[in-house]
Amino acid sequence: MKQSEQQEAMKPLIDSADIHPVARICGEPLMEIPLDLYIPPDALEVFLDTFQGPLDLLLYLIRKHNLEILDIPMAELTKQYMAYVTMMRADQLELAAEYLLMTALLIEIKSRMLLPNPKAEIEEEHDPRAELVRRLLEYEQMKNAALRLNELPQAERDFTTARIWIEHKTTEPLPTINMDDLRHAWITILTRAKVNRHHQIKRETLSVRAYMSQILRDLRGHKQVEFYDLFSPAATVAEVVITFLAVLELAKELLVEITQTETFGMIYVRPTDATQFN
Amino acid sequence: MSDPLTPLNSINTLDTLSPAKIKQILEAVLLAAQDPLPVTELRKLFDNELSATVLGKLLEELREEWTDSGIELVSVAGGWRFQTKAGMQPYLDRLTPQKAPRYSRAVLETLAIIAYRQPVTRGDIEEIRGVNVAGSVLKALTARGWIDTVGHRNVPGKPALFATTQTFLNDLNLRSLEELPPLEEMKSLIESNNPTEELPFEETATPAS
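Sequence order for the protein chains is C and S.
Residue numbers for the first sequence follow the working numbering, beginning at 1 and rising by one.
Residue numbers for the second sequence follow the working numbering, beginning at 1001 and rising by one.
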């Protein structure tokens, strides 16, 4: 509480031009004391939600303090970064893992910069900070792109598509099937079954529902299946009848759709859930 | 999907159709359609006897005629459609108690990366953002119909490649990906010494209103 009062009190000071810089970083005057080093305990949750990750936090620190992104003062940045991470570790260790990885990277870069490296002086690209800077800039580019993307008008949020009410749109068009076509198909199947008739006498307990499930299972993964293919060539008359009934039942319950595009054309059966995806 | 546009019956041949009548037809069809209709689809209305140029001109005229209205005719990736003007939305919102979704920064950043760098894998997104991408983020975008899987990268694990969809363009009033706001030049990012955007803390100070 006291701290935030202090912060408030400092604001007009910062705005006035004739104050002395509190510090100099790389020769650049630092006009304000890094206030963000102090995080009130209740702000921690806000903080965790605010930053999208270590890159976001680093960018915030860099931009907040007008640090030169191509010449990041590693000691300063690492110090500030770690102050945040320490706060986070106290509360949410799980989330801190990615942040800790970044801490390790920052310290590594810092230490590599401290080592005397007389030979690499010529090769500018061996700046240990280069990869970090590349990632920071790439992230910032996408972060800003996301903000601008969000400013575009968005369907449902900023406008709605206009449509007039049309009655026939409300009813699902039912499959159009000619009676004769079905009868014809039925006779073909019966004939086929007759050819394959055999005389093993055995009582089979068949249920239309079971066949319905089987047909649906057969249809799964297919966009559509030819009507004839639903009937096994080896099927007995009883099985053919049950299968046929099952197809009709499925159509009645709107679980399948039976279509025929032209007269005497191929009849197709397709699961209705597949049509929803198309 | 059955063709929602049944051709005109032979009584109304093109000869009897004045440009005004054609515009009326276009207007009615576009207002009745569920989705945006491309010019190729609209040409079918007239048995393909009208050129795309002629239709385009008539559509432009129709757009002009609607300018003084709460509704506007726009051209998006999927074709032409009518939609309410931006200023109308606050009033439309009063009709429906539920608010349109506002996406979190995680969702928006993921969307931006997919839009600008597509096709990308989840790993690519995580590489740029520096954090894990939660499954819920990708699910939210998929559920909205804005992204989908277009293939798999041929590396161990065969990760899915994500890309944006036509729905994404339609919903953002765009005709193509080229119309997305251009990415900032790296140079300008390097030179930007002042934070251009609001600081994150202040951003959350006003929670989703």
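Hints are computed from structural coordinates only; laboratory data are not their basis.
Among the hints, a few may not be true.
These stretches of chain C come out as covered by chain S in the derived footprint (C-beta under 8 Å, 3 or more residues) [to be verified]:
id: 1; stretch: 50 to 58
id: 2; stretch: 131 to 142
id: 3; stretch: 152 to 163
This one's a predicted model, so the numbers in the text were calculated from it and none came from an experiment.
Glycine included, every Cβ here is placed at the ideal spot set by N, Cα and C.
Outcome, coverage of the stretch 131 to 142 of chain C by chain S - at least 3 residues whose beta-carbon is closer than 8 Å to one in that chain:
holds (count 7)
Are three or more residues of the stretch 152 to 163 of chain C within 8 Å, CB to CB, of chain S?
holds (count 12)
Given coverage of the stretch 50 to 58 of chain C by chain S, checked by CB-CB distance under 8 Å (3 or more)
It holds: at least three residues are needed, and the stretch 50 to 58 of chain C offers 7 whose Cβ sits within less than 8 Å of chain S.
Taken one by one, the earlier hints all hold for this structure without exception.
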